[in-house]
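Enquirer: Sequence:
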Amino acid sequence: MLRSYALNRILQALVTLVLVSLVVFAGLRALPGDPALAIAGAEADDATLAEIRREHGLDQPLPVQYLTWVGRTLQGDFGESTSTGLPVRDIILSRLPVTLELAALSLLVAALIGVTTGVLAAVRRGGLLDWLGNGIALFGLSIPNFWLGLLCVLVFAVALGVLPASGYLPFTTSPLGNLERMVLPAFVLGSGLAAVLMRQTRSAMLDTLAADFIRTARAKGAGEWRVVGIHALRNSLTTVMTILGLQLGSLISGAVVTEQIFVLPGFGKLMVDSVFTRDYPVIQAAVLLTGAGYIVINLLVDLLYSVLDPRIRVSGAPA
Numbered sequence: 001m002l003r004s005y006a007l008n009r010i011l012q013a014l015v016t017l018v019l020v021s022l023v024v025f026a027g028l029r030a031l032p033g034d035p036a037l038a039i040a041g042a043e044a045d046d047a048t049l050a051e052i053r054r055e056h057g058l059d060q061p062l063p064v065q066y067l068t069w070v071g072r073t074l075q076g077d078f079g080e081s082t083s084t085g086l087p088v089r090d091i092i093l094s095r096l097p098v099t100l101e102l103a104a105l106s107l108l109v110a111a112l113i114g115v116t117t118g119v120l121a122a123v124r125r126g127g128l129l130d131w132l133g134n135g136i137a138l139f140g141l142s143i144p145n146f147w148l149g150l151l152c153v154l155v156f157a158v159a160l161g162v163l164p165a166s167g168y169l170p171f172t173t174s175p176l177g178n179l180e181r182m183v184l185p186a187f188v189l190g191s192g193l194a195a196v197l198m199r200q201t202r203s204a205m206l207d208t209l210a211a212d213f214i215r216t217a218r219a220k221g222a223g224e225w226r227v228v229g230i231h232a233l234r235n236s237l238t239t240v241m242t243i244l245g246l247q248l249g250s251l252i253s254g255a256v257v258t259e260q261i262f263v264l265p266g267f268g269k270l271m272v273d274s275v276f277t278r279d280y281p282v283i284q285a286a287v288l289l290t291g292a293g294y295i296v297i298n299l300l301v302d303l304l305y306s307v308l309d310p311r312i313r314v315s316g317a318p319a
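So the sequence shown is numbered by this note's numbering: it starts at 1 and just counts up by one.
Read the hints as simulated data drawn from the structure, not as lab findings.
Hints are not guaranteed to be accurate.
[Said to hold, decoys possible] Result set (SDA-like, lysine to any residue): computed pairs, CA atoms no more than 20 Å apart in a straight line: (1) Lys220 - Ala210; (2) Lys220 - Leu233; (3) Lys220 - Asn235; (4) Lys220 - Ile230; (5) Lys220 - Thr208.
Only a predicted model underlies this, so the values are computations on that prediction, with no experimental measurement involved.
Put together the whole structure using the sequences plus the hints.
Expert: Below is the structure:
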């Protein structure tokens, strides 16, 4: 049954989230150096370090520290930044919209380029469009994000002067200015995913176009684009959804580099800056939220399978 499958997947997601929290907590505690010393500075005396440990609960046993952290996290309290003194929740909320917008635009770019070229390459297999699509895929897979980002800045911002080289404007402040500053980062971040989507879409479409029900649809007189756009593409979307879910981690890791190149005040740049300043509360919250987002996206992808493809059987469903 679909309901039992959904409950089972939600339970698995919760267990995975608990394991992620354990890894995040243990990983930060395993880093070399004393967190109290990082907070107080190298000149702090023993009395100051002891007070900081007591204030932040660092003098408690690790299980107690973990349970305290989890309890506060469930209430939305991630503590305070050791470098700025501001609540971590407020810092993350101010940075997260930038990365979410970048990820959404990158997914849009990847879907438009990857799915479109993949479908055209499959329909025109062996032709010019197929060669062109494979060339685009090879281009996207071969070029690193940092090099493509620098090249785009050099061409479109420095040489042509048609787009800003860096910076960020909120969409609510200036919609046009926001889009002008997000076009290049979204293209850079989405190009690698577009290449993966193109290859997978082409492969799935070739398999689907060779299926019996496609020949039946054509025999009944259905138009070619109806066969391709409705019958074949719909049955290939499960592959596309799988790739989008699995590549979310690549988008997040790529956002770190992309945000550094284009000086976007997003989530990825926040994590890099926090690592350099050894801001443990921010790092802990950022990594945990990143893992939670990855888990939620994959859960939603799994639940969408049965909607996109009714042939999929889930957890005890009748054959």
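Enquirer: For every hint, state whether the structure bears it out.
Expert: Right, here's what the structure says about each hint:
1. Lys220 - Ala210: The given pair, whose Cα atoms are some 16 Å apart, holds under the 20 Å limit.
2. Lys220 - Leu233: Between Lys220 and Leu233 the Cα gap is close to 18 Å, so the pair holds against 20 Å.
3. Lys220 - Asn235: holds (19 Å)
4. Lys220 - Ile230: Distance ~15 Å between Lys220 and Ile230 Cα, so the pair holds.
5. Lys220 - Thr208: holds (17 Å)
Of the numbered hints listed earlier, not one is contradicted by the structure.
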